[in-house]
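Here the sequence shown stands for residues 18 to 476, numbered as in the numbering used here.
Simulated from the structure, these hints should not be mistaken for laboratory data. The reader is advised that the hints may include incorrect statements.
[Stated by the list, open to error] As a list, the in silico DSS-like pairs of lysine-lysine whose alpha-carbon atoms are at most 27 Å apart: (1) Lys-379 - Lys-395; (2) Lys-336 - Lys-372; (3) Lys-424 - Lys-469; (4) Lys-368 - Lys-342; (5) Lys-337 - Lys-367; (6) Lys-177 - Lys-43; (7) Lys-43 - Lys-316; (8) Lys-280 - Lys-42; (9) Lys-366 - Lys-259; (10) Lys-346 - Lys-308; (11) Lys-395 - Lys-368; (12) Lys-270 - Lys-256; (13) Lys-61 - Lys-308; (14) Lys-316 - Lys-424; (15) Lys-367 - Lys-259; (16) Lys-280 - Lys-316; (17) Lys-43 - Lys-280; (18) Lys-63 - Lys-43; (19) Lys-379 - Lys-259; (20) Lys-259 - Lys-129; (21) Lys-65 - Lys-42; (22) Lys-368 - Lys-379; (23) Lys-177 - Lys-42; (24) Lys-259 - Lys-280; (25) Lys-336 - Lys-368; (26) Lys-42 - Lys-61; (27) Lys-469 - Lys-416; (28) Lys-61 - Lys-152; (29) Lys-379 - Lys-342; (30) Lys-63 - Lys-152; (31) Lys-424 - Lys-379; (32) Lys-416 - Lys-367; (33) Lys-395 - Lys-372; (34) Lys-270 - Lys-316; (35) Lys-366 - Lys-337; (36) Lys-379 - Lys-367; (37) Lys-308 - Lys-337; (38) Lys-337 - Lys-259; (39) Lys-336 - Lys-367; (40) Lys-259 - Lys-308.
Quick caveat: nothing in here was measured; it's all calculated off a predicted structure.
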Amino acid sequence: MTLRVAIVGRPNVGKSTLFNRLAGKKLALVHDLPGVTRDRKEAKAKLKDLDMQIIDTAGYEEATAGKMETRMWQQTQRAINESDVVLFLFDARSGIQAYDEHFADLVRKCHKPVILLANKCEGRTQEQGIYEAYKLGLGSPLIFSAEHNIGFDELYMLLKEIEEADKKSEVITENVEVKESEEENIEDIKKRPIQIAVVGRPNVGKSTLVNALLDDERMLTGPEAGLTRDAITTQWEWKGWKINLVDTAGLRKQAKVNNVIEKMSVESTLYAANMAQVVILVLDADGVLDKQDLTIARKVLEEGRALVIAINKWDIADKKEALEKLNDKLQTSLTQADGVPTVTISALKKKGLDKLLSAVIKVYERWNIRIPTAPLNKWFQDVQEQNPAPLGKNNRRIKLRYITQAKSRPPAFFIFSSNPEGLPDSYLRYLTNQLRETFNLRGVPIRITVRKSDNPYSK
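Use the sequences and the hints to build the structure in full.
Shown next as structure tokens:
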């Protein structure tokens, strides 16, 4: 059984610090400024022998309907409703605040087990705040410090008791779930999840697209640019394919990024894109492939990731002008991966989503391709007969002996030659283009390294 644990509290009480500590990684952005976390973020965690799915949430702030803070609170409510136990944090240094009391009233109504954590208890100055916590009506506070690793043994004992109680009440269900999980593990071995990152400039509709794909209001959305700050991963399945879908913060020009929180968000986005296998670059139909979009696309391809371009807001776009501009930019400014799939969508109206995912699966299969050595070398001989390698330095002939695929993900090849230093880049580009056409590698980055072949008579 995996215990679902929601971490809640007002802004800046240390929720994300605790989330990172339990996850064993710096997955959530942490800063002294309040309100850094906006979306709910999930991760697997382990505390001794206790398996958990932990959920980091936005801090509660009262706001009028329609405001961003209200939408953030709705995400927090969903995390509480979907959890087995709630960890309620308050700052013992500053004592109980009005928001703590109001938040406690809301948490009590969820009828879930609640563990009250008096966080930031590194010294005796926090004693007054600990005594104040009894008025919240959530039981005795646990002396705790997520940053300094205080109180985790006691937290483990409380969570273990809750897990044991759940096991006793759901013995039959648990047995069924164990069998199902064993089947899923076998399936995971056959087909590992595809890591897909959704990237792009701010306010192009990335979070709206993720919500549309999941058919769920999973991400915080709205007219405000830059709502998403963390890279949020959601496990999902589409037509038998297991997918880890990652929503990311918008990427602006580096010169315009001067806010410390935005800098952290950019680092989180770039890390998510680098760890992905397929990256969906979302464009606004009114501003197709501007300079910043091209910069993002080039970074994705340089990292060896498969790329799919999604042109969003297609329902309100000047279609002819947008397509002409896109094709022109792809041919002149993005030659690194000829044939990058482009799909027109409307995330808001949920149009074109199946086409987009079909393109993702196709490019993912190409990215994983492994070409047998025999047909690869037959092709290598044919292309050299059609267009032999040029003469190298001192008019010496460059002999290309054979080719082999070094690895996939992305496809990488070694060519062995008598004079690798003399082979011009133009001939390598010729070989790359021919590889794409012959073995259907359009849209994925290809890496070719020329190596010097050994001379069997050198000794």
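Hint check:
1. Lys-379 - Lys-395: holds, 25 Å
2. Lys-336 - Lys-372: holds, 17 Å
3. Lys-424 - Lys-469: holds, 19 Å
4. Lys-368 - Lys-342: holds, 22 Å
5. Lys-337 - Lys-367: Given that 27 Å is the threshold and the Cα spacing comes to 21 Å, the pair holds.
6. Lys-177 - Lys-43: holds, 25 Å
7. Lys-43 - Lys-316: The given pair, whose Cα atoms are some 23 Å apart, holds under the 27 Å limit.
8. Lys-280 - Lys-42: Between Lys-280 and Lys-42 the Cα gap is close to 19 Å, so the pair holds against 27 Å.
9. Lys-366 - Lys-259: holds, 24 Å
10. Lys-346 - Lys-308: Holds. Lys-346 to Lys-308 sits at ~10 Å (cutoff 27 Å).
11. Lys-395 - Lys-368: Violated, at roughly 44 Å.
12. Lys-270 - Lys-256: Distance of about 37 Å is beyond 27 Å: violated.
13. Lys-61 - Lys-308: The hint is violated at about 37 Å.
14. Lys-316 - Lys-424: holds, 21 Å
15. Lys-367 - Lys-259: Cα-Cα ~21 Å, so holds.
16. Lys-280 - Lys-316: holds, 17 Å
17. Lys-43 - Lys-280: It holds: about 15 Å lies between the C-alpha atoms, which stays within 27 Å.
18. Lys-63 - Lys-43: holds, 15 Å
19. Lys-379 - Lys-259: Answer holds: Lys-379 to Lys-259 is near 15 Å, not above 27 Å.
20. Lys-259 - Lys-129: Measuring from Cα to Cα gives roughly 31 Å; hence the hint is violated.
21. Lys-65 - Lys-42: holds, 16 Å
22. Lys-368 - Lys-379: Given that 27 Å is the threshold and the Cα spacing comes to 19 Å, the pair holds.
23. Lys-177 - Lys-42: Holds. Lys-177 to Lys-42 sits at ~22 Å (cutoff 27 Å).
24. Lys-259 - Lys-280: violated, 31 Å
25. Lys-336 - Lys-368: Roughly 15 Å separates the two Cα atoms, so the pair holds.
26. Lys-42 - Lys-61: holds, 10 Å
27. Lys-469 - Lys-416: holds, 10 Å
28. Lys-61 - Lys-152: With a Cα-Cα distance of about 33 Å, the restraint between Lys-61 and Lys-152 is violated, given a limit of 27 Å.
29. Lys-379 - Lys-342: It holds: about 25 Å lies between the C-alpha atoms, which stays within 27 Å.
30. Lys-63 - Lys-152: violated, 31 Å
31. Lys-424 - Lys-379: holds, 19 Å
32. Lys-416 - Lys-367: violated, 54 Å
33. Lys-395 - Lys-372: With a Cα-Cα distance of about 35 Å, the restraint between Lys-395 and Lys-372 is violated, given a limit of 27 Å.
34. Lys-270 - Lys-316: OK: Lys-270 and Lys-316 at ~13 Å, within 27 Å.
35. Lys-366 - Lys-337: Holds - the C-alpha atoms of Lys-337 and Lys-366 are around 20 Å apart, at most 27 Å.
36. Lys-379 - Lys-367: holds, 21 Å
37. Lys-308 - Lys-337: holds, 21 Å
38. Lys-337 - Lys-259: Violated - the C-alpha atoms of Lys-259 and Lys-337 are around 36 Å apart, more than 27 Å.
39. Lys-336 - Lys-367: holds, 18 Å
40. Lys-259 - Lys-308: violated, 33 Å
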